[in-house]
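Colleague: Each chain, letter by letter, is given below.
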Amino acid sequence: MSSVATAPSPLSRLLSFWPIVTLVALATSTFLLLLPVYNIVGLSFSGQEGGAGIFENYIMFFSEPYYYRSLINSFIVSISAMVLALLIGVPAAYIVSRYDIVGRSLIKTAVVLTFVSPPFIGSYSWVVLLGRKGVLSQMFADVGISLPSIYGAPGIIFVFTLQFFPFVFLLVSSGLKSIDQSVEDAARNLGSGEGRTFFTVIAPLLLPSITTGALLVFIASFTDLGTPIILGERFRVLPVLIYGEFVNDFGGRPVLASTLAVLLLIVTTGALLLQRRLAARFSYATSAIRPLTLQSPGPLKRFLASVFIYGLVLLALLPMINIVISAFLKSNGPVLVAKFTLANFDKVWRMADGPLLNTVMFTTIATAMCAIMGTMIAYIIARRSGRISALLDTVVMFSYAVPGIVLGVGLVVTYHNPPLALTGTPLILILAYFIRRLPFSVRSSVSSLQQLSRDTEEASINLGAGPGRTFLKITVPLLSMAILSGALLTWSNTIRELSATLVLQSGSTTTISVEIFNEVANGNFGTASALGMTLIVLTFLPLLLLFTFLGKNEEALV
Amino acid sequence: MTTSVSIDNVSKEFSGTTAVDSVSIEIGQGEFFTLLGSSGCGKTTLLRIIAGFLPQTRGDIRFGDKIINNVPAHQRNTGMVFQNYAIFPHLSVFENVAYGLKVRGRSRGDIDREVRQMLDLVRLGHLSHRLPRELSGGQQQRVVLARAMVIKPDVLLMDEPLSNLDTEMRLHLRSEIRALQQQFGVTTIYVTHDQEEALLISDRVAVMSTGKVVQLGPPREIYLQPSTLFVASFIGDNNLLPAMVEETRPDGSLLARLPGGQALIAHAVPGQKLSHGEACTVSLRPQDVDLKQGGPGGLEGVLEDIQFLGNTIKMYFSLGEGKPVVVTLPGRHDVTIPTVGSKCTLHPSAHAVTAFEGVVSQ
Ligand SMILES: Nc1ncnc2c1ncn2[C@@H]1O[C@H](COP(=O)(O)OP(=O)(O)OP(=O)(O)O)[C@@H](O)[C@H]1O
Ligand SMILES: [Mg+2]
Numbered sequence: 001m002s003s004v005a006t007a008p009s010p011l012s013r014l015l016s017f018w019p020i021v022t023l024v025a026l027a028t029s030t031f032l033l034l035l036p037v038y039n040i041v042g043l044s045f046s047g048q049e050g051g052a053g054i055f056e057n058y059i060m061f062f063s064e065p066y067y068y069r070s071l072i073n074s075f076i077v078s079i080s081a082m083v084l085a086l087l088i089g090v091p092a093a094y095i096v097s098r099y100d101i102v103g104r105s106l107i108k109t110a111v112v113l114t115f116v117s118p119p120f121i122g123s124y125s126w127v128v129l130l131g132r133k134g135v136l137s138q139m140f141a142d143v144g145i146s147l148p149s150i151y152g153a154p155g156i157i158f159v160f161t162l163q164f165f166p167f168v169f170l171l172v173s174s175g176l177k178s179i180d181q182s183v184e185d186a187a188r189n190l191g192s193g194e195g196r197t198f199f200t201v202i203a204p205l206l207l208p209s210i211t212t213g214a215l216l217v218f219i220a221s222f223t224d225l226g227t228p229i230i231l232g233e234r235f236r237v238l239p240v241l242i243y244g245e246f247v248n249d250f251g252g253r254p255v256l257a258s259t260l261a262v263l264l265l266i267v268t269t270g271a272l273l274l275q276r277r278l279a280a281r282f283s284y285a286t287s288a289i290r291p292l293t294l295q296s297p298g299p300l301k302r303f304l305a306s307v308f309i310y311g312l313v314l315l316a317l318l319p320m321i322n323i324v325i326s327a328f329l330k331s332n333g334p335v336l337v338a339k340f341t342l343a344n345f346d347k348v349w350r351m352a353d354g355p356l357l358n359t360v361m362f363t364t365i366a367t368a369m370c371a372i373m374g375t376m377i378a379y380i381i382a383r384r385s386g387r388i389s390a391l392l393d394t395v396v397m398f399s400y401a402v403p404g405i406v407l408g409v410g411l412v413v414t415y416h417n418p419p420l421a422l423t424g425t426p427l428i429l430i431l432a433y434f435i436r437r438l439p440f441s442v443r444s445s446v447s448s449l450q451q452l453s454r455d456t457e458e459a460s461i462n463l464g465a466g467p468g469r470t471f472l473k474i475t476v477p478l479l480s481m482a483i484l485s486g487a488l489l490t491w492s493n494t495i496r497e498l499s500a501t502l503v504l505q506s507g508s509t510t511t512i513s514v515e516i517f518n519e520v521a522n523g524n525f526g527t528a529s530a531l532g533m534t535l536i537v538l539t540f541l542p543l544l545l546l547f548t549f550l551g552k553n554e555e556a557l558v
Numbered sequence: 559m560t561t562s563v564s565i566d567n568v569s570k571e572f573s574g575t576t577a578v579d580s581v582s583i584e585i586g587q588g589e590f591f592t593l594l595g596s597s598g599c600g601k602t603t604l605l606r607i608i609a610g611f612l613p614q615t616r617g618d619i620r621f622g623d624k625i626i627n628n629v630p631a632h633q634r635n636t637g638m639v640f641q642n643y644a645i646f647p648h649l650s651v652f653e654n655v656a657y658g659l660k661v662r663g664r665s666r667g668d669i670d671r672e673v674r675q676m677l678d679l680v681r682l683g684h685l686s687h688r689l690p691r692e693l694s695g696g697q698q699q700r701v702v703l704a705r706a707m708v709i710k711p712d713v714l715l716m717d718e719p720l721s722n723l724d725t726e727m728r729l730h731l732r733s734e735i736r737a738l739q740q741q742f743g744v745t746t747i748y749v750t751h752d753q754e755e756a757l758l759i760s761d762r763v764a765v766m767s768t769g770k771v772v773q774l775g776p777p778r779e780i781y782l783q784p785s786t787l788f789v790a791s792f793i794g795d796n797n798l799l800p801a802m803v804e805e806t807r808p809d810g811s812l813l814a815r816l817p818g819g820q821a822l823i824a825h826a827v828p829g830q831k832l833s834h835g836e837a838c839t840v841s842l843r844p845q846d847v848d849l850k851q852g853g854p855g856g857l858e859g860v861l862e863d864i865q866f867l868g869n870t871i872k873m874y875f876s877l878g879e880g881k882p883v884v885v886t887l888p889g890r891h892d893v894t895i896p897t898v899g900s901k902c903t904l905h906p907s908a909h910a911v912t913a914f915e916g917v918v919s920q
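Protein chains in written order, with this note's numbering: chain A, 1 to 558; chain B, 559 to 920.
Everything labelled a hint here was simulated from the structure, so no lab data went into it. All figures in this text were calculated on a predicted structure; none of them were measured in a lab. Glycine included, each C-beta is placed from N, C-alpha and C at the ideal position. Hints may contain errors.
As the list claims (entries may be wrong) - Calculated pairs, DSS-like style, for lysine-lysine (alpha carbon to alpha carbon, straight line, at most 25 Å):
{"#": "1", "chain 1": "A", "residue 1": "133", "chain 2": "A", "residue 2": "339"}
{"#": "2", "chain 1": "B", "residue 1": "850", "chain 2": "B", "residue 2": "901"}
{"#": "3", "chain 1": "B", "residue 1": "881", "chain 2": "B", "residue 2": "850"}
{"#": "4", "chain 1": "A", "residue 1": "473", "chain 2": "B", "residue 2": "660"}
{"#": "5", "chain 1": "A", "residue 1": "473", "chain 2": "B", "residue 2": "872"}
{"#": "6", "chain 1": "A", "residue 1": "301", "chain 2": "A", "residue 2": "133"}
Claimed, not checked - Below, a sample of chain A positions facing chain B; criterion: calculated Cβ distance under 8 Å:
{"#": "7", "residue": "390"}
{"#": "8", "residue": "393"}
{"#": "9", "residue": "456"}
{"#": "10", "residue": "459"}
{"#": "11", "residue": "461"}
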């Protein structure tokens, strides 16, 4: 006599917890990611008039200078920003990680702050400082110096570099942490000076961090929409063109927009694949028993390093300082008057039950969905090996590669018509945020699960708890820290989303980021600053929580 | 209710390797059964198949007379004790032990009573509100044991439960496990690579090697009558001497010639046919040798080294060629120990010398 249950039928095995979750995850990503992408690819190959060849749109793109110039422009600004970000990001990381200069952790916090502030706010802030009537331009003009223009390619490259060099800075910082002091000691012992040691020993070990950082800068620059709209003027990049084709007569030229979106997607996917290959190729899997130690540089070196790093941080923070100040200044359209006021925040207050509420609500719901679904997907990827789990892994990675504007266009094209007319509803925004930010939760939980022994979960199964119950009672509590930090990252990254939102919002579902964008477009810089400050606070608070209470490093951001 | 377990021709293949190879074992109700073998021989794999964590490639597992191949792990009602404790770190001692009962939907009163009883049995009653990280390794392992026992499992499965503990704790818990098992009468499958532990704790032992069961029997039989050269070398200290069959006799004994030129009488292991001129290996336990001066039928050796271990004295005798032969004597007050360099004659006791086919790789 035994109390063992009888064997269940194959059907009931298929209907058990994890197979159902897998199915839901696959269906969700199919409808929110693969189908939209499939549709824009399909549209891009459809002729605008019947009977035209399937490559018609692409032939048109590559023969019209107006169009193909934008692709070239995108490459110009992205590659330039990438190179510049490396040139300042790597030394900055080295200095902060190796030299005992004053205020190291403050510098890191400042870098994070510039990193998480929405790029388009920074751009407009630079216009106020360096634009034709800019504060700084006029100041310098008064003493006879004419500063270079902030508009066009140089301005975009300048802002991208300052905005995205933290990718390189943070990755290289964490790369430096995994190098053992003995490596450097050995090189120095063999007679190699500091510079030579860096280039021959340290830098090669940093290659995975450097290449990853560089490609992330490239992708971020290539897909950014806000900055080039504000600064580009006649210099147009690909995302701006997509946005233009899309909004100029609503839904009117989705075919062209789709064609441009596919080109954008090809570049970002290629860059991401390249990043994976390079990171794997250069990986030496070192781990530091005794990490690199802090050095006390000589007076000259210390002076130069300090000037460089403080100068950089100041420059990167300048637009934000400007925003904070002008948020409290009276404004007369685009001209700010040096008088203190809280009037700008009135507008923020009036938005409390509109865009502000929308922003917080959409972000919260999407973050919760990401946390729940992301943790389950992470479990499938980490614990249930097999083809389907590998497929899920790839799909999640792919959602990282799809730029916001591309996803936006794809979702509109897919869900514009009845019976699923979702564009303009809160739901479509929430779903877009969810699918775009899903990788944060997944990655956070996967890496935690890989360090967690399976035995604990098996012990629960063995004691009679089914897979669902075991997940809820054992896995989730053990992952709670990873889930929380994944959620905080998701929140910070979702709340400042602009490009997908611009395409998907309607008047009633507008968010703070869109409002800032509109205020900027209308030249109300005071209001834009007050809103911008609110948004920066909302973005930065969860990160502060993450660093102070969850003991995460700044490097967790990338 | 505890149950008998039958493992019927079970195999498990991972891509490329066969981790468990056609294993058949019948384990009786209430038996303490041990799987013994060196690292990587497939013990854990077999145990996990029984627990339902791995599907077998071939063969059947039965609890009683019911085939359970397709019963999912959480419905098999086995109690498993893991090597790394696998304690729930976020639950208190009490909640850890109560977990399985809660899953089974028992009333709070029942749970409270049974958990307390169980915790008292493993002498952890006073720690029931502690969190696992506030416990020692031995205490954690007792929590896990209590957690597995309290659900009254059909079969108790233990995967090297003592291997993470220090020697003293190990000896202590070993007898505690055996006592609990006897008290509950639960069918137990125990995995270890520690042969002493296996011999001491088990009713029967299966010695495994590269996925196969090479010998199965009570501890004494395994030790005294190893059926293969592998078992003879794996279980207990043994002298394994390469030799050549010089003469076979009708009574099953044979004369084995050692490389140094000396010969001794051995018995071929049952089931193996050794013929004249064949290379073989003779086994001789160190404690099965009497030391004398001269006498017929002995091996002449020179004492090379002595190791004093307290309760035993270990001596190394050179037979002229090959590895020295180890002989142990009890460390009694009245034992006389030859001096290093002296010549002695080694007389194996009757039936203590066994000859096996093949040669050990040194
Ligand atoms: N999931 C797996 N995939 C591939 N091979 C495996 C897997 N699990 C075990 N093996 C292989 O099967 C063989 C038996 O492994 P098993 O864990 O059962 O050994 P063991 O006897 O428990 O060893 P130990 O005493 O070291 O725990 C080993 O060769 C191992 O490499
Ligand atoms: Mg094992």
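Colleague: Please name the hints from earlier in the document that this structure breaks, with their numbers sorted from lowest to highest.
Modeller: 5, 6, 7 and 8
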